[in-house]
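Undergrad: These are the residues of each chain, in order.
Number of protein chains: 2
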Amino acid sequence: MPDTELSGGDLTLVAVVLVISLAALGFAFYLSRAVMAADQGTPKMQEIARAIQEGAGAFLRRQFRTLGVFAVIVFVLLLLLPVSDGGVGTRVGRAVFFLLGAAFSASVGFIGMTLATRGNVRVAAAAAAGGHRPAFRIAFRTGGVCGMITVGLGLFGASLALLLFQETGPVVLEGFGFGGALLAMFMRVGGGIFTKAADVGADLVGKVEAGIPEDDPRNAATIADNVGDNVGDCAGMAADLFESYAVTLVAALILGQVFFGPVGMVFPLVVAAVGIIASIVGILASNPGAGDSSWMAPINRGFFTSAAVSLVLVAVASFTVLPSISDGLDVSVSPQVLGFVSVLIGIVLAATIQQLTGYFTETSRRPVKDVGRSSLTGPATVILSGISLGLESAVYAALLIGAAVYGAFLIGGAAALYAVALAGCGLLTTAGVIVSMDTFGPVSDNAQGIAEMSGEIDEEGAQVLTDLDAVGNTTKAITKGIAIATAVLAATALFGSYNASIGDALDDAGATLGDAFTLVSPNNVVGAVIGAAVVFFFSGLAISAVSRAAGRVVFEVREQFRTRPGIMDYSERPDYGAVVDICTKDSLRELATPGLLAVLAPVAVGFGLGFGPLAAYLVGAIATGTLMAVFLSNSGGAWDNAKKMVEDGAYGGKGSQAHAATVIGDTVGDPFKDTAGPAINPLIKVMNLVALLIAPAIVGMSVGDDENTTLRVLIALGATLVIVVAVVISKRRSIVVGGESDTTTSALTTSAP
Amino acid sequence: MPDTELSGGDLTLVAVVLVISLAALGFAFYLSRAVMAADQGTPKMQEIARAIQEGAGAFLRRQFRTLGVFAVIVFVLLLLLPVSDGGVGTRVGRAVFFLLGAAFSASVGFIGMTLATRGNVRVAAAAAAGGHRPAFRIAFRTGGVCGMITVGLGLFGASLALLLFQETGPVVLEGFGFGGALLAMFMRVGGGIFTKAADVGADLVGKVEAGIPEDDPRNAATIADNVGDNVGDCAGMAADLFESYAVTLVAALILGQVFFGPVGMVFPLVVAAVGIIASIVGILASNPGAGDSSWMAPINRGFFTSAAVSLVLVAVASFTVLPSISDGLDVSVSPQVLGFVSVLIGIVLAATIQQLTGYFTETSRRPVKDVGRSSLTGPATVILSGISLGLESAVYAALLIGAAVYGAFLIGGAAALYAVALAGCGLLTTAGVIVSMDTFGPVSDNAQGIAEMSGEIDEEGAQVLTDLDAVGNTTKAITKGIAIATAVLAATALFGSYNASIGDALDDAGATLGDAFTLVSPNNVVGAVIGAAVVFFFSGLAISAVSRAAGRVVFEVREQFRTRPGIMDYSERPDYGAVVDICTKDSLRELATPGLLAVLAPVAVGFGLGFGPLAAYLVGAIATGTLMAVFLSNSGGAWDNAKKMVEDGAYGGKGSQAHAATVIGDTVGDPFKDTAGPAINPLIKVMNLVALLIAPAIVGMSVGDDENTTLRVLIALGATLVIVVAVVISKRRSIVVGGESDTTTSALTTSAP
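Line by line, the protein sequences are chains A and B.
Numbered by this note's numbering, the letters in the first sequence go through residues 1 to 753 in order.
Numbered by this note's numbering, the letters in the second sequence go through residues 1 to 753 in order.
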């Protein structure tokens, strides 16, 4: 291993990076001022917006209270867990940075969502005033705030840890990444269940049963649906990309130190700082101009501008920061070329994933058209065609990501894993713009909802919002694809860090790895099967949680229609708060089981079967997780757009049999694409980080002086027991809902005309 | 490695095993005589049965013609591929045994199906005569013929190879297993597409559009539907279990030779012979008696009797055939205990999988009830609850199978892989009874179809057939679960053989393995991702093939209703043969792409990325394949039974909204459970066998004197190119169907009342 001391020059460079990260936060503040200065619209719009703000704020505060307790428990556990490198100071630092990562992740979600719930009404007001461009600008800048906070806080944490802890910085950052990933996973799952329970519930009872349009103010679930867009799509996605960003940096720093010493740690930070500059340029470049042919044009300009700026600056950085010859490492190219090409692979991957996802989910392309046409033979063929589309598209995405990893492997030689981590950094140089694009989606969606509910917007303004919403659907699908790619690269790199950590721990215990990591041992095959199984289980739990919570929403809305007969003729106001409450309580209760599964399954496998099967477990989870995440996202996206296609007039348009068939497809797709699918990203990383954190403890109990099989097996059994109890409790809940559901039927029957 | 010469005593024992395998065939002949002697029913029944016989026979003959060409190509390729052990004689033997395995696999399917299409009408006739017990007995004995031929031919081939080739027998048997698996995979895919295209097509146009019941003679697709039951459920399943049986024996022989020499090869054959005796006892024990409380009782008695007989005989065999002390191998228990416990694990696994599958797919248990209840909120919730049930149940099945593999690993020590293979043999000691149970399903289903179509059966007789059909549904689900378990054990063991083969080849080339098989290298992670991706792709292709072919069936039946207006009032006869023709042509055309994918993807990965990534590829495919297979089977099974539950009167019964919702679920489930899901079993094994066969060639081109990177890369590119072309061609086909589908709509519109 190369020399590990950071030189004065290195530290100065890190300090510069820290300043750039603060500049990102400053730019976010500047953008938010611009958004807040815009007109807030009519009092009625403001009233609706306030209801959404309150609901979203209440949910997040409650969620943070629940998760706070959990974070404190993990904090204590981290203090107890041994570290592979460094003493008590490192251990405490890691635990403190865990809290910092969790707090940053929560803050990104909270601030982004707070601004989104203020931006939405301003976008609606700008559209009401008839301005396409001002409305677009406000929506995109609202996203920009979110984007710049995401990258700013991520880079701030990473550079701070390196400044404070220097050579043990990477170990401390494990805590930072874990805190970010854990919070993000819970926010993804909780927010995902909230948003889809409200959405599916509102659709089932509103569109299908009562025959009233989407976002109709008579539907008691309509505010909850809009709250859900903010807590799921906006806060959840922001936290998710924050943790992707943080975790990728963590992996790059750990591996950089292993292969290239201090400069290996500094370079990823420089790449990230380059990304911040590129993102600022990109956001400024995405101002719509007179020459733009469509509303996707400025967004694409923003993305590709920032990619181009990154490329140039990364080339400069590679050839100035990195050494031209490698120090005794078996690498066929110079570190400079290795660094540049790896980052380049990541940037290219982001661009190709964007195209691929677009192909499979845009209304104008063949796959979605095929799903739309299958609506002629009914809902069953819509479901089947969407599922086969999802399965196939997952394969292409996996092959693309696989090609990127393999490319990094080829260029990286002995430092292959570092190259993979750098490709991940490359993928994220455009993160600022990507988060902006993504947040653009729920903000436009909400603006449309507010306009619809207030009834105070003319046809021209409504058209503006419809246009923006369509663009938002495309950008949301694209960012999901990129988020999954970052997850795979980060997880593959982290997995390499796991290997390094096991190696260190074995060295300390005076033992060798031997054949523990071989692919061809039956116990490792079993580990891989369990890893794949956890992805299936997690997806199944998330989907069934949405079904359960949506059932309760349906029950509540039906009940309100029954007990307040004035709702239908607008003489009575539905109780929106009651539905928000149900979604809040249910989503927080439902996130426990998948959350515990994610954290404890690696503990059970690692302590129970050993560190070899745990490595295989991670491989199984990465391989299956990649495919499952893309499958769920793309099937869902295709069904959503097939429905839009029919609503735009194909195959009989609204009200036809074909429309009914695609509405069923869309409902099935909701929890696929917005709950289970996106939560797999943080899931994969949380599991890798847990493995990384427990690696020294597992090795310690397995070999050498501290060998303690009894304790090891007890820990595994304890973790398994907690998972089993959590699963059993959630099954019992479904019995209760079943009972309610029967009541529901009778409630419906008695109130039916 | 222990001494490899087989002693005279060993050879005598193998000869005895050969005689027992012939006895199984004799018993099959005896059973078939008994079946054929039964009454054939009325002339109208016979006429219908003949139509089914002709259709099924025509399909299989055409399929064999197509596959024959393919088999000859593979035969030539096998002659060219180097072997890891032995000379030209071995190479020729392996190629000849490939043809033999393929021929046996085809024969098992053909004979089983031929008898099933004769047994069905006799079951109908016995039921018409009012006899519960005679009808049951004929149905089960028809299955028994299939079962005994399956195990008889499998064991005959394995013991013959060992007698003829002795120590190079295992290498020759690679060809035998590959032939069996390849044919089985094609029969599974082809038969699966045929049966579900006809079934889904018949349902969409008959039940949904025309409002006529299932199996109504006015539906032109009804004969094709019954033909499909035979070629898919019966011929396909028999071939599948034949190859599971053969491949498990092959893996056990290869590994047995590696770890224990000759006795390691002889013991699995003895276990299989014990299984034949146990199966004969089991089939005889399943005669229904006066004391049986339900029609599942005699079937369960047959299964558990054969399991008990196996257990006792295996204990005797272990302690007489195997040595009491191991020869320098690091195994904590004696070979006798190792052998007995491993086989025991397999037998126990069969019993527990049976229980688990029953829990998730039986109408009387909670999971299916929950899916049924979700029909109250419409088809979307039916689909979602079925999918989450499938995902979760896959996890439990995977954990059970994983536990069995891990158990074998623990008991096996250094010979862990052999223990896994022996557990596979244990699982298959009851294979004779399992195939009988499975074939019972389509025979009963067909008998009901014939009775319904002929209209010549009274209420009592109809009740007999309904009872038998319900039992058949349960047995079919159970055997699917067991088939998946055998696939995983066989694949894990084969995967061990792959390792051994790579080791041998490297020794020959004077090279060492080094870190090639490590889990933690990025290129191996990519291999695992591709392996998982192939399972997703294969499933997607199979599902979309059914959608396409079913679309054509719908078109044809609609066309017949339009051009022959007399069909609805029975004054005109529909052209059944036209639909059988469409299904035949389409399924043969559609099986090419998934088939080529299965054979060529390992070639592309192995030659392109190397033998390390190919090992990871296999792990990814095994892990994901296990879960996907159970997910698809159980989701489909649960939807099917949720529909039956509603048809039996729950939630409004037939004709209600809930019924419509469950019919949609069942239609989605059809290609899940009968096309894609079951085809994953042979897929996993075909890929492992291809890897095993090409292992020496890959090593030869990668290291040593014959290193030839250009040729290696060219082979990989060639394989990739063929896959890409096949995929592109099948996509083009879907455009044509799309065009037809538009015509279809107008055809429907003009003929609509």
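No lab work stands behind these hints, which were simulated from the structure alone.
What you are looking at is a predicted structure, and each value in this text was computed from that prediction instead of being measured.
Some hints here could point you the wrong way.
Since the list can't tell identical chains apart, any single copy or any two copies may satisfy a pair.
As the list claims (entries may be wrong) - In silico DSSO-like cross-links for lysine-lysine, where the CA-CA straight-line distance does not exceed 30 angstroms:
1. 585 <-> 44
2. 654 <-> 585
3. 731 <-> 369
4. 731 <-> 44
5. 44 <-> 369
6. 369 <-> 644
7. 207 <-> 369
8. 585 <-> 369
9. 207 <-> 654
Undergrad: Taking the hints in turn, state whether each one holds.
TA: These are the hints, each one checked on the structure:
no.	hint	in the structure
1	585 <-> 44	within (28 angstroms within a copy, 64 angstroms between copies)
2	654 <-> 585	neither (35 angstroms within a copy, 37 angstroms between copies)
3	731 <-> 369	between (39 angstroms within a copy, 14 angstroms between copies)
4	731 <-> 44	neither (43 angstroms within a copy, 52 angstroms between copies)
5	44 <-> 369	neither (39 angstroms within a copy, 46 angstroms between copies)
6	369 <-> 644	within (11 angstroms within a copy, 34 angstroms between copies)
7	207 <-> 369	both (24 angstroms within a copy, 27 angstroms between copies)
8	585 <-> 369	between (39 angstroms within a copy, 26 angstroms between copies)
9	207 <-> 654	both (11 angstroms within a copy, 25 angstroms between copies)
Consistency note: the structure conflicts with the earlier hints numbered 2, 4, 5.
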